[in-house]
Structure formats: C-alpha cells, structure tokens
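**Student:** Each chain, letter by letter, is given below.
2 protein chains.
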Amino acid sequence: MKKTVITISREYGSGGRIIGKKLADALGFSFYDGELLSLVAKESGYTVEFVRQNDQKKTHSLLYHLYMGSQVLPASDMIFIAQSKVIKDLYSKESCVIVGRCADYVLRGKEDVINIFIHAPLESRMARVEKEYAEKADNYKSYVQKQDKSRVAYYNYFADDAWGKVQTYDLAVNSNIGIDEAVKLIVDYVKMKQGE
Amino acid sequence: MKKTVITISREYGSGGRIIGKKLADALGFSFYDGELLSLVAKESGYTVEFVRQNDQKKTHSLLYHLYMGSQVLPASDMIFIAQSKVIKDLYSKESCVIVGRCADYVLRGKEDVINIFIHAPLESRMARVEKEYAEKADNYKSYVQKQDKSRVAYYNYFADDAWGKVQTYDLAVNSNIGIDEAVKLIVDYVKMKQGE
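Residue numbers (the working numbering), protein chains in the order written: chain A, 112 to 307; chain B, 112 to 307.
Among the clues, some could well be false.
Heads up, the list lumps identical chains together, so a pair's fine if it works in one copy or across two of them.
[Claimed, not checked] Below, a list of computed lysine-lysine pairs in the BS3-like style, where the Cα atoms sit at most 27 Å apart:
id: 1; residue 1: K247; residue 2: K257
id: 2; residue 1: K204; residue 2: K113
id: 3; residue 1: K168; residue 2: K221
id: 4; residue 1: K276; residue 2: K132
id: 5; residue 1: K304; residue 2: K242
id: 6; residue 1: K304; residue 2: K252
id: 7; residue 1: K133; residue 2: K302
id: 8; residue 1: K133; residue 2: K199
id: 9; residue 1: K304; residue 2: K133
id: 10; residue 1: K221; residue 2: K252
id: 11; residue 1: K132; residue 2: K304
id: 12; residue 1: K257; residue 2: K276
id: 13; residue 1: K295; residue 2: K133
id: 14; residue 1: K242; residue 2: K295
id: 15; residue 1: K260; residue 2: K276
id: 16; residue 1: K295; residue 2: K113
id: 17; residue 1: K276; residue 2: K133
id: 18; residue 1: K221; residue 2: K204
id: 19; residue 1: K257; residue 2: K168
Derived by calculation from the structure, the hints in this document are not laboratory data.
The following block holds chain A by itself, in its conformation from the complex (with noise of 0.2 Å):
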C-alpha cells in the first residue's frame, strides 16, 4: 500500500479514537492521537507534562498576549506551532493515522492524505461517554456539548471554519452501524482511493 496520511476529525464521544486505533493496526499504520505528545514536547523543548496541559486548548488571543506586553508567543501557540512541524514530518516519511490536532488543516492541499469525520447523534454519545469512557459528569448532554465547542473552539482558533463542512472530509460517517463496521468501511475506502 502506498504511503498515506489519515486525519480523523471526531464529536466528542462518537468513538472517533478507537476507530482511528483499530484503522491503524488493520492497515498497519502507526497511530498518533496522545502518541503525539512526547515528539511535540522533543521538538518545543517543553516537558511532556506541560505540553499535555496545553494540549489541544485554545488560548486567550495574540492580540491579547501583545496588549498586556508579553514578548513571546503563548505556550498553546508554541506547542501548536512545534505539532504542525512534527505532523508534517510524520507525513514526510510514514503511512500513520493522526486523531485530532488540526491535522487535516495542517497537511490541507497536500496527497496522499485522507481526510475522515466520525460523529455519533448526540444520546449515543453521552451514553458512550459515560459507559465505555466512564467519565463522571453531573449532566452527560451539558458535558458532551462543552467538549464539542471546545473543539471547535480549539479549530477555528489554530486553523479556520472548515470543522464540520462535509467537504472537508473525504468520508464522514456517522458511527451508529457500529465501530468494527466504521472501521471496515473506511479500510474500503482507503483501498478503493489507492485503486486496489
């Protein structure tokens, strides 16, 4: 198979990561979601630990930084500056699945990239959220929706509005028939892009 680069885009809870997971391990791809973290951390000079708190966060502006007189960037904006330069030489040299980060804006316009979209309707989501993820929330529906919009938060801040138009992607599947069945699907599609 030739060199390709996956991006998955996900709603919070859709099962986006562990499709991403089980993609990479059926077409023998690496996988990079929190695998991210460590090259980010080797290539921005900051500790592991930091680089996991700024992670995927959006920060107050620049033009904020600038106003209250803060000659450096922002910590969020290093590290998304340093996870553009390690998402693009993973693309450079191996075939990989990347969850999450951008990835798609930061690798737009190039080939043999594959750009795909999970989501999930809202009520199967919370549902995963709290069984398969067990994560504690006082209100699942009010969790879910706050992760969502700080991931699109986190989006059109580092790249542009592009999150969540059908054109963006090159498959979007909702989730629903099942992760194996998301995860089949998408291996077709690989294979019939690669003309196999």
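Given the structure of chain A, go ahead and fit chain B onto it with the hints provided.
**Tutor:** Just chain B now, kept in the frame of chain A:
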C-alpha cells in the same frame, strides 16, 4: 432487506444523481429524481411542464408575495408542499432512493431513513459537467458555483441551514474514488445499518 428510504444530497457535478440511480439498481429500490415530477403534478394539480419549470427553485419570499397583495401562496411554495406530501407518501409505502428536493429535511427524525451526501473537488466537477453532462457554458467554474449556490439557497429557503454539515448525513463521500466505488461503499453502509 428492510424498507429503507435513502436520500441523496449532492454538489453539482459530483455524480450524485448517477450514484443514486446505480445505488437504487443495486438494492432493487425505486429511484426518484425527475421521476418525482409527475407525482407532484398529480398531487398539486399543476401540469408536469409547470412543475418542471418551478422544480427546485426558490421563489421571492412569502412576505414579498403578501406585500404584493397576493391571496395565494407562490407556485414554488405550493409545489414544495405537494412534493413534501409525495415524499412522505413514498416513505410510508416503499423502499426508494430520492435525489435532492430537501428529502432529508422532509423525512428528518423518521426511522429507516439513510441520508447520503456526495461531493467532489471543484475541478473534477467542472470536468464532469463539461464532458459527461455535456452542458455548454462560457465559464465552467462560475457555472458550477452558481448551481451550487442555487441548491443551497433552495435548501435554506424551504428547509434550514443543515445542508453540507456532516452531522446531517449518515455518510458523506468524496466521489473522486469513482462512481461505482462510491455506490459499493454506500451499499455496504446500508447493509451494515440493517445489521446484515
């Protein structure tokens, strides 16, 4: 196979209509695109030719018509109402594939409806419109973009702003993998959804 209605929304020139037709053939379902017009004519009392002229067109707003002193709804609105009734009737009695006409909106929230979106990069859509659809235009780029805008305006007028958002569709596919490949992928999705 269980009774299922599949709606196809599509960018102009993406091959969405032919994908819908081949999908219907593959599944043994009825197919409705222009075929809907005679049913709508019968339901509305207009001639087929009049329905065709007003098909998938947005009118002046209802307020404009009230301002002009009209006592009846604009023809396009009457046709949309008749068309929505036809779509709901089809839903209640047979498995079928329906292209366009806000069918996803008309049937929103109903069981056993699968919403599909077909898109493709602008360049490949321009090429398809020129070579396969054999349509004549001085500038294919602006021609295709104008058709896209008209579709979005029609949807926004009669439905809501959910056109082109990933969450609106169970499956959204870039048809650049090939027409037959896209059909195969959708057939697999439908079978997975039905637990086959």
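**Student:** Any of the earlier hints contradicted here, and which numbers?
**Tutor:** none
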